Structure formats: C-alpha cells, structure tokens
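Order-wise, the sequence lines are chains A and B. This note's numbering applies: residue 1 is where the first sequence begins, and numbers increase by one. This note's numbering applies: residue 1 is where the second sequence begins, and numbers increase by one.
Heads up, a few of these hints could be off.
Unchecked claim - Using C-beta positions, here's what the derived DEER-type ranges look like:
| hint | chain 1 | residue 1 | chain 2 | residue 2 | range |
| --- | --- | --- | --- | --- | --- |
| 1 | B | LEU17 | A | GLU139 | 25 to 35 Å |
| 2 | B | ALA54 | A | LEU131 | 33 to 43 Å |
| 3 | B | LEU17 | A | LEU12 | 12 to 22 Å |
| 4 | B | GLY33 | A | SER143 | 28 to 38 Å |
| 5 | A | VAL13 | B | ASN85 | 27 to 37 Å |
| 6 | B | TYR94 | A | ALA76 | 50 to 60 Å |
| 7 | A | ILE163 | B | HIS57 | 33 to 43 Å |
| 8 | B | ASN99 | A | ILE163 | 54 to 64 Å |
| 9 | B | TRP69 | A | LEU12 | 37 to 47 Å |
| 10 | A | ILE163 | B | ALA55 | 17 to 27 Å |
| 11 | A | GLU139 | B | ASP78 | 26 to 36 Å |
| 12 | A | LEU136 | B | LEU83 | 41 to 51 Å |
Unchecked claim - Residues of chain A placed beyond 10 Å of chain B at every Cβ, according to the derived structure:
| hint | residue |
| --- | --- |
| 13 | SER7 |
| 14 | LEU9 |
| 15 | ALA23 |
| 16 | LEU56 |
| 17 | ALA60 |
| 18 | TYR120 |
| 19 | SER128 |
| 20 | HIS133 |
| 21 | GLU139 |
| 22 | ILE155 |
These aren't lab readings, by the way, just hints derived from the structure by calculation. Predicted model only: the values in this text are computed from it and were never measured. Even for Gly, the Cβ is constructed at its ideal location relative to N, Cα and C.
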Amino acid sequence: MIGAGPSALVDLVKIVPLVFLLAVLQVSAATQLSPSGGAPDLVLIAVVALALWRGLEIAALAGFLGGLLIDGVTFAPLGVTSLLYLVGALAVARRAHRDLPGQRLTPDPVRRRLVAWAVYAALVVQVSDVLVHVLLGTELPISYLLRAQIAPSVIQTGLAALILSPLLRRMFARSARTDVSAVAAA
Amino acid sequence: MLLSKNRLIRRRAVVGLLVVASLALLSLSFRQGSVGVVGDLQRGALSVTAPFSAAAHRVTRPFVDAWHWTTGLINARDENARLQNLQAEYNRIYIQNQNLLAANKKLEQLKNFHSQNSVTATYPQVTGSVIAQSPDVYNGVIVIDVGTAEGVAKNDPVVAPYAQGGALIGIVVGCATDECQVRLITDQSSGDGFQAKVLGTSGLGLLVPAAGYPGQFSLDLVPKSVPVANEATVITAGKMTGRLPVLVPPGIPIGRVNSVNTTDTSAYHQIQVSPFVDFQDLSYVTVLKVPRT
Chain A
1 MIGAGPSALV
11 DLVKIVPLVF
21 LLAVLQVSAA
31 TQLSPSGGAP
41 DLVLIAVVAL
51 ALWRGLEIAA
61 LAGFLGGLLI
71 DGVTFAPLGV
81 TSLLYLVGAL
91 AVARRAHRDL
101 PGQRLTPDPV
111 RRRLVAWAVY
121 AALVVQVSDV
131 LVHVLLGTEL
141 PISYLLRAQI
151 APSVIQTGLA
161 ALILSPLLRR
171 MFARSARTDV
181 SAVAAA
Chain B
1 MLLSKNRLIR
11 RRAVVGLLVV
21 ASLALLSLSF
31 RQGSVGVVGD
41 LQRGALSVTA
51 PFSAAAHRVT
61 RPFVDAWHWT
71 TGLINARDEN
81 ARLQNLQAEY
91 NRIYIQNQNL
101 LAANKKLEQL
111 KNFHSQNSVT
121 ATYPQVTGSV
131 IAQSPDVYNG
141 VIVIDVGTAE
151 GVAKNDPVVA
161 PYAQGGALIG
171 IVVGCATDEC
181 QVRLITDQSS
191 GDGFQAKVLG
201 TSGLGLLVPA
211 AGYPGQFSLD
221 LVPKSVPVAN
231 EATVITAGKM
241 TGRLPVLVPP
251 GIPIGRVNSV
261 NTTDTSAYHQ
271 IQVSPFVDFQ
281 DLSYVTVLKV
291 PRT
C-alpha cells in the first residue's frame, strides 16, 4: 500500500483528479478522435502506470473507481468496466513485479516500458471484455470485434500511452517508494 | 517478512473486495436496470461529469475538428484519385461514343444521299472508309479501302457525306485490288477544274481551287447575264476538263456560293464557292462507279 501519512494524501490528490479527468476525456473526446472504431483506453493507461509504480492495490482501486465512473456516464451495466480494469491491473502487477525480489517497486526509467505494458493490459482487457459480453449474451462475430474493437483499441491505447507516458512518469515514477520489507531483507 | 505477509493478505483482501463489489454492482445493474441504486449512481455520475464532459468537449472540439479535417483530406485525396480514374474511364467511353455517333451520322448522311440523289440512282456505288490521308496541305490525296476488287476504277468520282446528303470531294487517281487513291478537288493539281453550274441556272462555269484561299473554289466563266444568288448550290455539270478529260456525272452537289462579284470590265461573274464537305474530317466516302465505254 501507499506509504503512510502525507505521501498517501499526496497520491490521493493526484490520482482521483487524474482518473476523473481521463475518464471524462475518454468518453467525451477520445471516441471522436478514433479513426477506425474503438477508442484509446485512457483510464487503463493510468491504471497500468499505478500498477507499475504504486502497486496493485492503488491500481485496482483507481481502476474500480474509473470503471464505475465510465459505466455510470455511459449508462452501461455498472461494474463491468471496473471488473475489466481490475483484471488489467492484476495482469500487469503480477507479471511486472514477478521477478523483483520482495516485490520491490522501482521506477521504470524506460518510457517504452509503460507503452508495452499498456498495450499488454489493453489486450487483456479487450479479450476479457469480449468474454464478459459473450457471457452476457452479445452475439457479434469475433472477426468483427477483432477488426472494429480489439485491434483499434489496443493500437490506440498504445499510442495514447506514448503521449501520456511523460506526464505519468512525472506524477508517479519519481516519487515511487521502495518497499520497506525488501530493503530490510537486503 | 511478517509485514510482507500482512501486505499480501491486505492486497488480496482489497482486490477481492473490489472484485466482489464489481460483481455485486453488475448483478444489481441487471436486476434493477436504470432504477433504484444503480439508476441513482448512473444519474449521479452523469450529473457530476456532465460539466466536465461539456468543457472537455469544448476544449477538444478544435482538435477533433482538426483531426476530422485531416482525415477528411486523406479521404478526399483517395476520393479524388478514384474520381480521376473514373473520369478518365468516362472520357474514354465518351470519346468512343462520340466517334461512334459521328460515324453513325456520316453513314446516315451517305444513306440519305443514296436515297435522295438521282445520280446515285443512275450509277452503282460502293462505300468505303478513308484509311490514309496526306499529312501536309500540299498534297490533297486520300486513300480509301475499296479497290478494283469492288469494281472501282481510275477517274471514278468520290462523294462524301455532309448535312443534307453527299457532295463531290475528289476523283480516283489510282487503284489497287483493295485500295484506291483519291485526289481531292481542293488539290491545286487536280486538273484544270470541273464543269459546274449554279443549281437552277443554265450558265455553265469552271470550278477551280481558289488561288490564295485554301479549301475554297472559284466558279469562273459564268456569264454576267446569268443571275447568281448567294447561298445557291453549285453542282457538277459534266466532265472534268484537263489534259485527260474525265466524265463527272452531272448533278452532284459541290458547295454553295459564298460571294458573287461583278465588274464592268469583265463579262463574267467572280463567284466564290465554299464546299459542303469538311475536308479535314473525311472518314466515309462513296465511290460512284461510272461505266467507261
């Protein structure tokens, strides 16, 4: 979890407006800029950044709130997007920190890393989205979904991650904490 | 280590709680639809985000417009290329159609000439296409695709279609089995001229290419006593004079009177004649097979 006291408050002050802003942008502007169906998943990019640099709990919480906001605004069944963002955060956090001793979180100096993780998370989220909608009774052909939703969204999310990467790094990477238990173990 | 274990438990608890909350909301959504707690949440989210969405929409609108403009340009370029191809194809078909229309018109005129002109009733004829034409203005010769095989012989007169029928354009000067050369009457070296007359009058004259007026004729030696009006039709009246006189059937139209000048010092009219046929646009001709005895 976030470090104690003021650090947690600072993170909260950063994360809540960020997720709110990205969710609003995602439903109001991003869909209009999409050239070929789908849309960049801006909230997911923030969730990925948090999963990389703040840990799974924060990322999951941000994803849950962001998803709830998006579902509420778009009148979609509440909880679907939250669930998808939780899956995305879980997928990134588990894989990104697998090889780090003591699950130590370190700032990632390479910008492309966030983009790669964002693409990976977008793929996971999109595939999960298809599964969820299939379970909920959607009967759209997979080929159509692949062409009109999955591929464009993944690509556009990667591009958006490239643009948002400097901002997210500035907001979260520099003040990344070091896990106390890992330091103690070392 | 204990701290880490606690943290792991806490992490699982948080994630599990959120997953359960998501599933609960999902179930609630399907159970309640847009009423109750879910509806309140949706309306609340909408009312909270609406001003921000409106602001974001307003702020991003220029960028969205710019994006649409750019993609529209790209689409327009593609569309432009497609339309250009279409236009080229259309032009090709249009030209083809125009050529066919022109050919059809000329053939129609020839048909009219055959059915209306008494000359064609007198002499057998054969229709052919112009397959070659002199590229310069000095040599007024064309090549047609009918020859001795079709009964065409040297000195046969050749007519071509125009608006009201057919008009004399030349004389066959040489023949092979399947082709013949035709010297146009506008050619300065076509001979000393034809005997011609203004339709409706008795005065004979000599039709020769007008010196200094390419493509025009002079009808000479028409006495001043014969009244000649502008726009009157000039027709053949007999033989072609020259070193080797050629029989040209009388009554074949040639052109119309363009101008008539009369002077006190001359006993003849000075008559200028414009040909009916456009000699720059010869494609189909009819050869009158005049019997030689």
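*Find the hints from earlier in the document that the structure breaks and name them by number, from lowest to highest.*
5, 7, 15, 16 and 17
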